[in-house]
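In the order they appear, the protein sequences are chains A and B.
Each residue of the first sequence is one higher than the one before, starting from 1 at the first, in this note's numbering.
Each residue of the second sequence is one higher than the one before, starting from 1 at the first, in this note's numbering.
Because the hints were derived from the structure by calculation, they are not lab data.
For each residue, glycine too, the CB sits at the ideal point set by N, CA and C.
Keep in mind that the hints are not guaranteed to be accurate.
Stated by the list, open to error - Pair ranges (Cβ atoms, derived):
(1) B:Pro49 - A:Thr105: 11 to 21 Å
(2) A:Gly279 - B:Gly161: 25 to 35 Å
(3) A:Gly279 - B:Met145: 17 to 27 Å
Chain residues, written in single-letter form:
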Amino acid sequence: MRPLARWKGVASLVAVGLLVAACGGPTATTQPSASPGSSPQATPEATDVSADLTFQFWIGGEADQAAWETVTAVAEADHPGLNITVQGTPWPDYWSKIGNQLSNTGAPCIVGMQSLRLAAYGDQLVPLEELMAKYEVNAADFDTSILDSMKHGGKQVALPYDFGPLILYYNRDLFKAANVAEPKPGWTLADFTAAATALTTGSQVGFSTASIDQEYLSWVLDLSGAEVLDGDGKLAVTAPAFVDGYKKYVELMRSGIASDVTVAGYDGYVIMLGEWQAGTAAMYVDGPWMAISNKAVPFDMGMVPMPVGPGGSKHYTAGSGFGISKQCPTPEAAFAAIVSMTGEEALTGLASVGRAYPARPAVADAWYTAADIEGAKETLDFAIENSVPWLTPPNWVEMADLFDRTGLQALTGELTPEQVLDIVQEQGAAGG
Amino acid sequence: MSIAIDTTAPAPGVSPAAPRGSRLRDDRRHALLFLGPSLIGLAVFTLFPTVMALVMSLFDWPVFGERTFRGLDNYARLLGNPVFRQVVLNTCLFVALYIPLNLVVSLGLAVWVSPRIKGRPFFRILFFIPVMTPVVANAVVWRFMYQPGGLLDSLSQSVLGSPAPSFLASSATAMLAIVVMSVWQGFGYNFLVFSTAIDQVPQEQLEAAAIDGANGRQRFWYVTLPMITPSIFFATTLTLITSFQVFAQPFLLTKGGPGNNTATLVLFVYNEGWRFLHMGLAAAAGWVLFVIIMGITAVQFLGQKRWVHYD
Chain A
1 MRPLARWKGV
11 ASLVAVGLLV
21 AACGGPTATT
31 QPSASPGSSP
41 QATPEATDVS
51 ADLTFQFWIG
61 GEADQAAWET
71 VTAVAEADHP
81 GLNITVQGTP
91 WPDYWSKIGN
101 QLSNTGAPCI
111 VGMQSLRLAA
121 YGDQLVPLEE
131 LMAKYEVNAA
141 DFDTSILDSM
151 KHGGKQVALP
161 YDFGPLILYY
171 NRDLFKAANV
181 AEPKPGWTLA
191 DFTAAATALT
201 TGSQVGFSTA
211 SIDQEYLSWV
221 LDLSGAEVLD
231 GDGKLAVTAP
241 AFVDGYKKYV
251 ELMRSGIASD
261 VTVAGYDGYV
271 IMLGEWQAGT
281 AAMYVDGPWM
291 AISNKAVPFD
301 MGMVPMPVGP
311 GGSKHYTAGS
321 GFGISKQCPT
331 PEAAFAAIVS
341 MTGEEALTGL
351 ASVGRAYPAR
361 PAVADAWYTA
371 ADIEGAKETL
381 DFAIENSVPW
391 LTPPNWVEMA
401 DLFDRTGLQA
411 LTGELTPEQV
421 LDIVQEQGAA
431 GG
Chain B
1 MSIAIDTTAP
11 APGVSPAAPR
21 GSRLRDDRRH
31 ALLFLGPSLI
41 GLAVFTLFPT
51 VMALVMSLFD
61 WPVFGERTFR
71 GLDNYARLLG
81 NPVFRQVVLN
91 TCLFVALYIP
101 LNLVVSLGLA
111 VWVSPRIKGR
121 PFFRILFFIP
131 VMTPVVANAV
141 VWRFMYQPGG
151 LLDSLSQSVL
161 GSPAPSFLAS
171 SATAMLAIVV
181 MSVWQGFGYN
191 FLVFSTAIDQ
201 VPQEQLEAAA
211 IDGANGRQRF
221 WYVTLPMITP
231 SIFFATTLTL
241 ITSFQVFAQP
251 FLLTKGGPGN
261 NTATLVLFVY
271 NEGWRFLHMG
281 LAAAAGWVLF
291 VIIMGITAVQ
301 FLGQKRWVHY
311 D
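Go ahead and model the full structure; you've got the sequences and the hints to work with.
If you want it as structure tokens, here you go:
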């Protein structure tokens, strides 16, 4: 009996331990763990900042991982006490994962953040103004529109490393073969339509689009100047200008110049990109962050701003940066790392491999030299001058998902554009 | 030492009470010990999360921020939400299409393979392969087959001369496309269950029926089918439960389909909870699903007295 009793005792201890662990598990903390600027000894050029930091970012493969480790190496060189581990997640899964981590324990100290999705996670990031003042980070060194896009509730919660306007990529070889003049900044909608029509022959199409926010919103902005939010920051996709722009976009895409859209969201983006890179579609819309992967195509490629619409040639800018999660036990060390990672040296490094169009205008030339794409400088300068920060409501992840899926039905002709916008407005304004 | 030995003589015809009692106590202790791990697992990984989900469903439980008690408000919001109603309808549509098709295909194939034909084990393995292969891999391959430029489109163009419709992008065909893929994926399991059940129908009964002049169809309908009703009940109940929980196929093939036309309940729970970070609403939707499945299963069990013949 005694051995058995002992085993029972062990078993019940294990059971209690498991139950306690299970009970202790899912309670998420929402209090910040440490306030910034709490260590009085740190000085602005502190090389004595020392911590083990994790840095979470969207990484698509070994090349990406290597590129980001080069960036964190700059921070480690500036502050020898820092040890930064780069953790990567593929893009489609990144936001669920980071949301999960930020709400439980185990959030990384340095969080990769995108301007469009900042609103959902902004509350979990440490405000940086005090640290910026302490470390003498000059806001004027960054492009204003992207720095502003990284504010949440009026507070700066991330520092940008790249940004870019959404512009048009085109296939130079196909243009030559069809005897169509190459587009230049300032080209009109009529030029675009004529070119796309001339380029649609056989199994080739002039344009490829996808039912994903960066595509249709860029066109609505360009065609009617309308944005997703109204002056009060509320969702307003049924405003007359927005409806007009969206209708024109759908009509344009269904007029025969574009390939059929078959799936919404990111999967659709992949198909659209594949069509352009395979040479089946002559043009598509994307950001300068794709310039380097797009350069690897077997044909000669070019970039041009969006065609001039009724209100001018307007572009959305989006970008990415780094924030510090409130769970980080060493926010100052994390900030020191971020300052290095968005500093001139790191951004020049990224720009010189053409990986990121830098958020510091001073370093932009390195990108142009590295990218070596004819017309890129004129295009991007023009587009940035005519750019509009891309503002979205706080429930944009949900709204974009709905808009992507319902928008597909407009592009396939199952619903009218007005019906799609009514659905999005009704469910979007109702809140999450 | 705690074995109590009763030294009084037991009454005739009655076995000694004390040793039997202590043996029973030992047995109970052994039983608890062996059941312990399973019970702990059940408590920690099933009961606790279920209760936790019920608690969460009564709150507004965003992943970040304040949690406020809302009582049954989440449920009211769900019932008033047209998207949720459509999602429930979509799930019911999927079940209504999938179950009959699955049962007919699996039972039909089980009957077809039931005589001791040559290569029978080979067929059984062949039909079971889709069940064994991961549903994610299957869904991705079927997506390539369905999409324009894929297998079905190429076949249609070469044989019929015109392109196939875009199955996954069209509201009319998206759900059917998902059902067909699901039937292909899932019929093998029920096929195996039915095949085994048919094998166990006593040969004498079938021979007796043949002697009485019953033909093949009548033998099947009046002898085989009633005898395999327990297996049909088992297969139907399980398949109903799992088909209400369909997630991987719509997630991978259409992400909820054109608009919301192929969005199912579990996909709704996933989106609300993990993408839009509304845990309370997601938990409430999960409990609605739980109640629906419990209700249908209860109806099944109550109805079995009518049509299931246990021998």
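Evaluation of the provided hints:
Between Pro49 (chain B) and Thr105 (chain A) the C-beta distance comes to about 18 Å, which sits within the given range of 11 to 21 Å. Take Gly279 (chain A) and Gly161 (chain B): their Cβ atoms lie about 26 Å apart, and the range 25 to 35 Å holds. The hinted window of 17 to 27 Å between Gly279 (chain A) and Met145 (chain B) holds, with their beta carbons roughly 24 Å apart.
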